[in-house]
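Those sequence lines, one after another, are chains A and B. Taking UniProt numbering, the leading residue of the first sequence gets 1, the next gets one more, and so forth. Taking UniProt numbering, the leading residue of the second sequence gets 1, the next gets one more, and so forth.
Just to be clear, a hint being listed does not mean it is correct.
No copy labels: a pair is met if it fits in one copy or bridges any two.
Pairs of lysine to any residue, SDA-like flavour, derived with a Cα cap of 20 Å [as the list claims (entries may be wrong)]:
hint, residue 1, residue 2
1, 48, 81
2, 174, 90
3, 174, 68
4, 174, 84
5, 174, 140
6, 104, 139
7, 174, 132
8, 174, 31
9, 174, 139
10, 174, 79
11, 48, 176
12, 48, 166
The set of hints was computed from the structure by calculation and includes no laboratory data.
Chain residues, written in single-letter form:
Number of protein chains: 2
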Amino acid sequence: MADSDSGGTMRDTARTRRLVLDAAARTVAAQGAGVSLDVIARDAGVSKSGLLHHFRSRDQLLRELAEDQMQQFRTAVDAAVDPRDHAAGRLVRGYVNAVFDELKDGSVAPEHIRLVAALSTVPGVDEVMRADTRHWTEQFEADGLHPDRVLLITQAADGASLAAIYEGEPNPAKRQRTRELLLRLSHGEGAP
Amino acid sequence: MADSDSGGTMRDTARTRRLVLDAAARTVAAQGAGVSLDVIARDAGVSKSGLLHHFRSRDQLLRELAEDQMQQFRTAVDAAVDPRDHAAGRLVRGYVNAVFDELKDGSVAPEHIRLVAALSTVPGVDEVMRADTRHWTEQFEADGLHPDRVLLITQAADGASLAAIYEGEPNPAKRQRTRELLLRLSHGEGAP
Numbered sequence: 001m002a003d004s005d006s007g008g009t010m011r012d013t014a015r016t017r018r019l020v021l022d023a024a025a026r027t028v029a030a031q032g033a034g035v036s037l038d039v040i041a042r043d044a045g046v047s048k049s050g051l052l053h054h055f056r057s058r059d060q061l062l063r064e065l066a067e068d069q070m071q072q073f074r075t076a077v078d079a080a081v082d083p084r085d086h087a088a089g090r091l092v093r094g095y096v097n098a099v100f101d102e103l104k105d106g107s108v109a110p111e112h113i114r115l116v117a118a119l120s121t122v123p124g125v126d127e128v129m130r131a132d133t134r135h136w137t138e139q140f141e142a143d144g145l146h147p148d149r150v151l152l153i154t155q156a157a158d159g160a161s162l163a164a165i166y167e168g169e170p171n172p173a174k175r176q177r178t179r180e181l182l183l184r185l186s187h188g189e190g191a192p
Numbered sequence: 001m002a003d004s005d006s007g008g009t010m011r012d013t014a015r016t017r018r019l020v021l022d023a024a025a026r027t028v029a030a031q032g033a034g035v036s037l038d039v040i041a042r043d044a045g046v047s048k049s050g051l052l053h054h055f056r057s058r059d060q061l062l063r064e065l066a067e068d069q070m071q072q073f074r075t076a077v078d079a080a081v082d083p084r085d086h087a088a089g090r091l092v093r094g095y096v097n098a099v100f101d102e103l104k105d106g107s108v109a110p111e112h113i114r115l116v117a118a119l120s121t122v123p124g125v126d127e128v129m130r131a132d133t134r135h136w137t138e139q140f141e142a143d144g145l146h147p148d149r150v151l152l153i154t155q156a157a158d159g160a161s162l163a164a165i166y167e168g169e170p171n172p173a174k175r176q177r178t179r180e181l182l183l184r185l186s187h188g189e190g191a192p
């Protein structure tokens, strides 16, 4: 019985944490990193004391939110890597496909950029970002493409996500052309 | 005397508008597009009624701020085009150099991205962005490079500006490597 109780508590904990992180993502994207814990708790449908039971402080919550966002993107890239693809550049192709899948409806990316831009002002988030950058650097080094080719393709994919806020309207034809171009470049060898 | 008075008034008008636009840029980047006119007026050192004399409403001010930001970037690109460069891709090279000059101190770009991401939620700013996109599309069509090459280089330059918020710390070596790579690509012919 103790096991089952503890299992139930763990599930409750995970569910509450998820509710709070999702609420924080929505409210920070909409209102900036200055949003209050009261607003986040209300959006999550939990009490403020319940929220503070799971996250010690606002900065702690926002750091965990940054980690959670980076982790969600890693998961999306892993899922987008073709398991039958064993050629050099398979991770780069997963990265490109994950970014452009996210851009499909033209609405996720601006919110994500607003969120990350807001989070980047929170104390300690810089360390989360540095750790994530190290992760990607190591992963891409093992992917077998020339480093300049990786740099070019991944920066262009990141840039395409900015187009969603810079262009004022979705441009599916341009998005598709960029995606195909980057995938084609990921099959090239040597420096671009 | 009438001429001189009117000239003085025009200068006062231009100066007040500039103070307000700069204050709006700072406060929206820091606090999001929900910032009040009171906060903007205080930051600009003008009265709220003085502010409303120059900008009819908050949305009107924020639309003009978006236009001003786009115009500032155009001016920066024009200034970065090498007047002795008459080869195809000269505007693309100006664009790359303007983006990377702005990134030099590693602090302007995150603020700019926070600002544009926040402004993109303001009614009417989408039309400002669409007009700006049309401007760049026309300009690049006249620049003589293959459209896929323009797409690749400009999206990668835009992506490099995101690195400033995604990486948690400036990486001047990576920035310089990306800049040189993009300038090299701007001298290539045909599709990349």
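Consistency of the hints with the structure:
For the homomeric pair residue 48 and residue 81, neither the shortest alpha-carbon distance inside one copy (40 Å) nor that between copies (54 Å) is at most 20 Å. For a Cα distance limit of 20 Å, the shortest separation of residue 174 from residue 90 qualifies neither inside one copy, at 23 Å, nor across copies, at 22 Å. In this assembly of identical chains, the alpha carbons of residue 174 and residue 68 never lie at most 20 Å apart, being 30 Å within a copy and 26 Å across copies at closest. In this homomeric assembly, residue 174 and residue 84 never come within 20 Å of each other (Cα to Cα): the closest approach is 28 Å inside a single copy and 32 Å across copies.
Taking the shortest alpha-carbon separations for residue 174 and residue 140, only the inter-copy value of 14 Å comes in at or below 20 Å, while the best intra-copy value is 26 Å. In this assembly of identical chains, residue 104 and residue 139 lie within 20 Å of each other by CA distance neither inside one copy nor across copies; the values are 25 Å within and 27 Å between. Taking CA atoms no more than 20 Å apart as the test, residue 174 paired with residue 132 passes between copies only; the shortest distance there is 16 Å, against 29 Å inside one copy. Taking the shortest alpha-carbon separations for residue 174 and residue 31, neither the intra-copy value of 30 Å nor the inter-copy value of 32 Å comes in at or below 20 Å.
For the identical chains of this complex, residue 174 and residue 139 are inter-copy neighbours only, at 17 Å across copies versus 28 Å inside a copy, given an alpha-carbon limit of 20 Å. For a Cα distance limit of 20 Å, the shortest separation of residue 174 from residue 79 qualifies neither inside one copy, at 24 Å, nor across copies, at 28 Å. Proximity of residue 48 to residue 176 under the C-alpha cut-off of 20 Å is found in neither arrangement, the shortest distances being 44 Å within a copy and 46 Å between copies. Taking CA atoms no more than 20 Å apart as the test, residue 48 paired with residue 166 passes in neither setting, with 37 Å inside one copy and 30 Å between copies.
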